[in-house]
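Those letters in the sequence shown? Residues 393 to 668, by this note's numbering.
Calculated pairs, DSS-like style, for lysine-lysine (alpha carbon to alpha carbon, straight line, at most 30 angstroms):
| no. | residue 1 | residue 2 |
| --- | --- | --- |
| 1 | K588 | K651 |
| 2 | K589 | K650 |
| 3 | K590 | K437 |
| 4 | K650 | K594 |
| 5 | K594 | K651 |
| 6 | K590 | K651 |
| 7 | K590 | K650 |
| 8 | K589 | K437 |
These are computed hints drawn from the structure, not numbers from a lab.
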Amino acid sequence: MLGQVNPVAFNLFGISVYWYAVIIVSGIVLAVWLSSREAVRVGLKEDDVIDFMLWGLPSAIIGARLYYVIFQWQDYVDNPIEIILTRNGGLAIYGGLIGGGLALFFFTRHRFISTWTFLDIAAPSVILAQAIGRWGNFMNHEAYGPATTRGFLEGLHLPKFIIDNMNIDGTYHQPTFLYESVWNVLGFVVLVLLRKKKNFLKEGEVVLSYVIWYSFGRFFIEGMRTDSLYAFGSIRVSQLFSLVLFFGAIAILIIRRKKGSTPFYNREKGTVKKAD
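Please model the entire structure based on the sequences and the hints provided.
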């Protein structure tokens with residue numbers, strides 16, 4: 393018998409709390425904790441990260457939802473109240489990054505903190521939170537890939553509960569949520585190792601490395617998904633956006649390196665460079 397996961401984690405005062413929300417919040421909490429530790433290490437305060445979350449979290453959620461709704465408008469035009477209901481999913485990572493990024497820009501300007509340094513502090517934590525968040529998609533039975541066989545999934549040596557829950561409406565599908573989660577965990581490890589290497593990455597290159605890594609993997613994984621958002625025709629929004637980010641980040645990295653005036657990312661306590 394297939395062991396299908398119940399997307400509802402628990403009920404609180406008659407309100408169903410979904411695993412999707414629990415997992416997303418868990419990822420955010422872990423990201424804030426890790427970013428706070430790194431912030432102190434480079435000379436900022438824990439409060440800088442906590443205060444930013446008051447700006448960034450609402451902006452990221454709004455951005456993630458708007459991004460999704462804009463490209464799925466046909467699903468909401470007749471019932472716009474559904475726009476504010478997110479417990480069943482419908483949050484796009486790229487939209488969240490745009491919303492959170494805008495909030496970060498204004499926050500760092502307001503606090504006279506280097507935007508690049510703050511992004512470097514947050515990048516590894518963000519990609520780890522994304523890895524965790526993909527399991528929310530798993531619990532919601534979404535973000536899966538093309539049809540496959542149970543034998544193929546067993547050949548990947550996946551746990552039985554994952555294989556069982558890749559049976560969607562009687563058909564097994566590839567676990568693209570898992571592919572991206574694993575890719576993001578690897579990205580977290582790579583970014584942490586690069587950031588620890590003294591005088592290797594310059595300020596801003598941790599986050600640029602994150603963008604390059606994530607967009608590269610997302611481009612290929614997105615091509616496998618069956619629930620992609622489409623810009624026009626057969627062009628997938630996230631693949632198009634991934635290409636722009638991938639080549640854009642590489643170009644920015646090269647240009648900043650050629651200028652030669654960018655300081656190295658410094659993890660020694662109290663040496664963080666303030667914005668001019």
